[in-house]
Each structure stands twice: as C-alpha cells, then as structure tokens.
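Take these sequences, add in the hints, and give me the full structure.
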Amino acid sequence: MSCTETASCDRRERKPPPACLKKIFSANTGFSVSIYDVTSQSICLRWPKFSGTSSYRVTATAMNSVDHSLLVHFSDVTLKGTLTSLIPSTIYAIQAEAIDRNGIILAETQIMQSTAPDIPVIDQAYSKLSNSITVEWKAVPGATSYLLTAEDGDSLIETVVTNSPGTVMGLKPATLYRLSIRSINSGGKSQPSLFRKAKTVLAAPVLSVSSPSCDSIAVSWKVMHMAAGFSVSLMRSDGLGRMLKENTTNTSLIFTNLDPGTLYTIKAYAWNVNGIPGDDFTCNQRTIPCAPVNVSIEEDEPGHLLVSWSSVNFGHYYVVFVKSDDGFEVHCNTSHTHCHFQSDCGFTYFISVFAYNKAGQSPLGDVFNYTTAPCCPSDFRAVFVSSDTVRVTWAPVRGAEMYETRAVGWSGAVLCNDTATACTLSALQCNTHYNVTVYSFSEARGSNTSCASKDVATAPCSPEIKNISKEALSVISVHWQSDNEEATYVVTARGEAGLWHCTSSANSCTLINLPCGSAFSVSAIARSPAGQSLPSYSVPLETAPCCPSDLILTQVTQSVTNISWSVGVGAQTYITMLESPKGQAKCHTLQNYCLLGCITCGTNYTVSLKAVSETGLTSSCTYQGYSSSVCCPSGVKLYRLGNNGIRVYWQASDKTVNYNTDLFGSKGNFTCTPISGLSHCVITKIPCGDVYTVVVSPVTDKGPRLTFCPKKIYSVTCSGSSVGMVIYRGKSNAEQHT
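Numbering-wise, my numbering puts 690 at position 543 of the sequence shown, and it's gapless, one number per residue.
Any given hint could be a false lead.
Here are the computed lysine-lysine pairs in the PhoX-like style, where the Cα-Cα straight-line distance is at most 25 Å [stated by the list, open to error]:
id, residue 1, residue 2
1, K757, K733
2, K784, K832
3, K285, K344
4, K814, K784
5, K414, K275
6, K319, K414
7, K505, K414
8, K878, K784
9, K275, K319
10, K814, K832
11, K859, K802
Hints in this document: simulated from the structure, not taken from any laboratory.
The structure is reproduced here in structure tokens:
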C-alpha cells in the first residue's frame, strides 16, 4: 500500500497485539502519534488533528541501517497513514511533524517501532489426531512466536506457538481445513503465509464392550461417516499371551477362546478410503465369570426355598433372581453359594444364578423353574347327605389341578378324587368319628401332604323298632334298639289323621292322644350334634275303632227291641248286647243297626257295643242302661152294659201300672184310663152296629203309647137303639202277621 493522503491502515479485520500500539506525546505542544498496526513491511500510524496545520510529514529511519529511511507527506485532512516497503523485523525511528502553509513546523513527535518478522513459508501440514493438524515451516529471523490459523469455511481457529512444528487443536474430525501462519515479534505479526490444505483424520470409534460368555468379548460401535474400515486389537492387560487383531468393514466383532475372569485391553481405530488411520479408542474389559453350575432348588421347609450352586472361578459374589409366575421378582446378593427365599404355595418360580466380579455379570446360564406344592383348602365344609354320606365342599386354591378327599375312621379309609371343588364321601359308618382331609394335587409337584384335617362325626345309625304296645286308650308305647352315642330319638306316627311325635334319649317313648279308628306308619330317627339318622323301617299301627257316638233303642214288640247307632270310625262289624239277670240278647252285624229278640218286658238291661276293626281290633263301648217296656195285659175282653156302655176287662202284669184302653171303629175312636190298680175300664155312649179294634196298653212316662200290645176285634150289634151283643171276632190282621 502506498502512502498517500487517502491511504489507510490495512488491518484485515484483525486486532493488533497490544504491544504494537504505541503513543508518544510532544513535550511542548501535545502533538502525538500512535501505532495502529504493524506488519512485516508496513507500519500504520494515527495522529490527532493539530490546529493551523496544512500538512503532516512522517519520516521513518531504520536503526540498524542509516541508508534506509522513508519520508511521507500527508494533507491536513489525513489523520492516519501507512509506511510501506519497510524492512521486516527492523526497528524504525519514526518522526511526525505538523507543518503550516508557510512550511513552519508547528509541532513534532517521535516514536520507536519495530516491523513484524518476515512471512513464513509452510513446508507441510498433516493430521495425526482427529482434532488437530500439525504444520511445519522454516524459522523466520526475528520471530519470537507464530500464529497458526485453521479455517473450514464455518469456523476459524487460531493458536500461538513458539517454533516449528506447531499444532492447531480443537478441530473437527475428518474435515478439510485451510492453514496459514504468521510470524510474530514485539512489533507485531506478519501477513499470513500462503495457505496449505490438510484434512483431519477420522475420530476414534466409540466402543461398546461386553462379555457375552466367560470366554468371549463382544465389541461394537456405531457407523462412522467417511470410515472405510476398522481395526480392532485385543490382548491381556497383564501382557501375557498374544495380541489378537481383526480388520473389518462391519460395526461389531466377537473375540472368542479367551480366558474367563481375565482383564483384556481393546484398541480400535478407523481408516478412510486412502488408508489413513484415525484416532484409536482404548478400553478394558474383563471376561465375567462363567455362569454357576450344579444349581439345585429344594423346599427345606414349607414356605422356604433353598437355592444352592457350585462356586465359580473368578466369581467374587453371586446374585440369584427369583421371579414368580405372577411377575413379582426378588433377588439375593451373597458371597456364599446358597440363598434362602420365601415362597408361597401354588406358584411356579423361575430362578437364574449369576456370578459377578469386577468385570460385571456372568452370562445367563440355565433358567430353572420350581413349582411349589399347591395350596391346601383352608376352609372346607362337610354337609351330611345321610348318616353314611357326607358331601365336602371347599373354595378352589392356587396351583391345584385335582383334589383328594380322605376320611379315616376306625373301620378304614374312604377316598374321593375329583377335579371339582366338592366330593361326596359315601359308604361311611354311621355314628363314627372320621378324620377328614382335603389334599390338593398338581402334576408338577404332586400332592400337598401338609394340609390340615378336621374331625367329622357321622350322623347316628338308624334305630330299629322292636315292639309297639298299647298301654291304654289312645296311649301307645314304642320300643327300639340302637347303640348311638349322645343321640335323642324322635318317634313319628304318620297317618291320614296327621302326625304324632314323642321324644326320648332312652330306647322307648309313648305316643298319646292317638285318634281311634286310624291307621299309622310309625318310624323312629336318631339325632345328635353330628346330624340326623335315616328313619327306621316303618311299622304299621292301627288304633282300635271308635265307639259310635249315638245309640238308639226302640222296642218293636214286647220281646223284640231294635238298636241303631252312628258309624264308628275304623269299625267294620259291631257286636251289641243287652244283659239282665233274666238273660241277655246279642247281635253281631255289619250294619249299624240290629234287632234283639227274647227281650223280657219290664226289665232293666245293661247296654254295650263292641266296634271291631277289619284286623280284629275291638273297642268296648258302654252306654246308658235300657229298660224294656211294661208287659202288655192279657185276657182282654169286652162286656155289654145297659144301654150304650161297654166294659173292658184285662189281666194286669203289674198292679202298679196304669193302662190305657183304646177302641177304634168306623163311627169313632174311644179311650178310657182307669185309676191305678184297676184292671177294667168302662166306655159309655159307644155306637152300636160297628166293629171295634180294642188295644189295652200300659201307660209309660217315656212318651207315646206302646203300639205293640195285642189288638182284638169285637163286633157290637144293636138291639133297637142300644148296644146289643158284643161278639169277639179275633185278632187284627196286623197282629196276626206280627
């Protein structure tokens, strides 16, 4: 750049080092000059406007060469200027003067300033790490340091170094950079050198390392941009053995046949299409130990699992994971070779045992499963169906596929197997204590033998009725045989008339107030706290027939009496009897009436009746006594009296009895009753010329006259207008037929 009035300092938008900016003030005028920028061959100056000045004159003289000086004039409007074509790394004495239009120097000032060193020349630039590029150059005389610059179009990174080679850090991997260098001294820095291009190498692959088995290590990494291949090496960290190395274009490798529990060092790097290797990544990985073997699982007691295994080389401790089939998982961390776990009935547990060391976890060995015994029914109920049958029910339990119900008594055991949650135990002994247990069963574990049992007593045995006896009217005693313990017996008589019961703790009881003439079926049951027996075999019972409630006696003739009665319930035939000291009359009939002959008139009789059932049961029925009527008089005759009168004579059977005399004719009926003790009666004004029926009968206090006394017929003729002859004509037809 030439020094003209319009010239300005070319800073290339870079701030100069603080040491490059200097200011010297004139002692007399206050006029000063400051250094704005310095390069290898230029110095930029700045000064303030000085009053009365028409121009400024700047002179630069090299301190080590009197032959080299530079004089530059600037107009009064120019307040900064650049001195060019200077010698690199040279100290100049710079004098600035303010001159008026007459050429008079109004003020002056001096400053000492060195130019920057010469521009370096880059010999080579290369990258060994993905975040840096190294630059080499020849040393520049007078340079105390160098400024390295790397640009990739998006960013610019600078670093100051003291000599060659210099390295720019903080770069992006696999990125092309333009590199330049400036030399620096106390005066400033040179212009940038011609740039060189260089590309950073690939970054190191970030490895994920694990040991899937006790003799292998797996290495993997992500896909890398611009990587053409990868190199992975592995060797024991203690230096023993040989190094294993693999080149691959994949993103994973597995090294096998390694030593278990051993620490290995793994190193990997990527290379680009030109075969230039990138950064390497180093890590350590121990092979975890082998999975434990000889794993055994047992239930040392219900509710507790014991898991044990063989010790593992290089295994520092062990972790056992136990997961139940409902998803719940627990674990045990131990340095021993066994662990205890709580378990529940009816679960399947999945068990894994891992060995651990500093490398981590062993590979997954065999996964074991263990099924605990099914749960026991905790609350089963026994319901009696009969004295020899019990139905046992319970709620389903976890893990049970089948149930076995066992009842053990003194006579043996009864078993019932079923998949249902109910079982009927039959053929049990009545009046027996049984120990009943419901066992649960699964194919995986078999039967749970720890299930609790219950004592169950069967119902009493059925009693056997031995005898039924009649103690009194409507009182029946029932006797039975049974050996039940603590049993109460109930006897029931069942018939159309209803139910009758009696209860006893002995071996007999009495049924009272049974109705007559009824048929019953009698049975007995036994009851105890255990239940109720089956009923005994029924025994038929028939009560004696009922006595007729009404009995009527009607005397038909002097020696014949008719007896009738109401029906007696349960009676098929009847026997009636009239008894007196003079004899008895008896009748056996299917009907409810009977004619008894050979009755003695005027006699008191005892009346009885027996009702007889179809099976021969008899009820003796006694009624109020019966008195036969007074005997009819004998020797009845008629005699004519004077005029129209007739006298009737008879022979009395009893002098104390009064008699009635009745005459029945076509012209009228006539009656007379003599006073007590007389045996004749007079009837006056009787019409003659008529036939009369004459009846003489004793008078009773029981109502109407007797109709069975003999009736005689007499013809009364007329003699003029009065009674003529009385002629006996005989007995009436009715009397004769009787």
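Are there hints from earlier that the structure breaks, and if so, what are their numbers?
none
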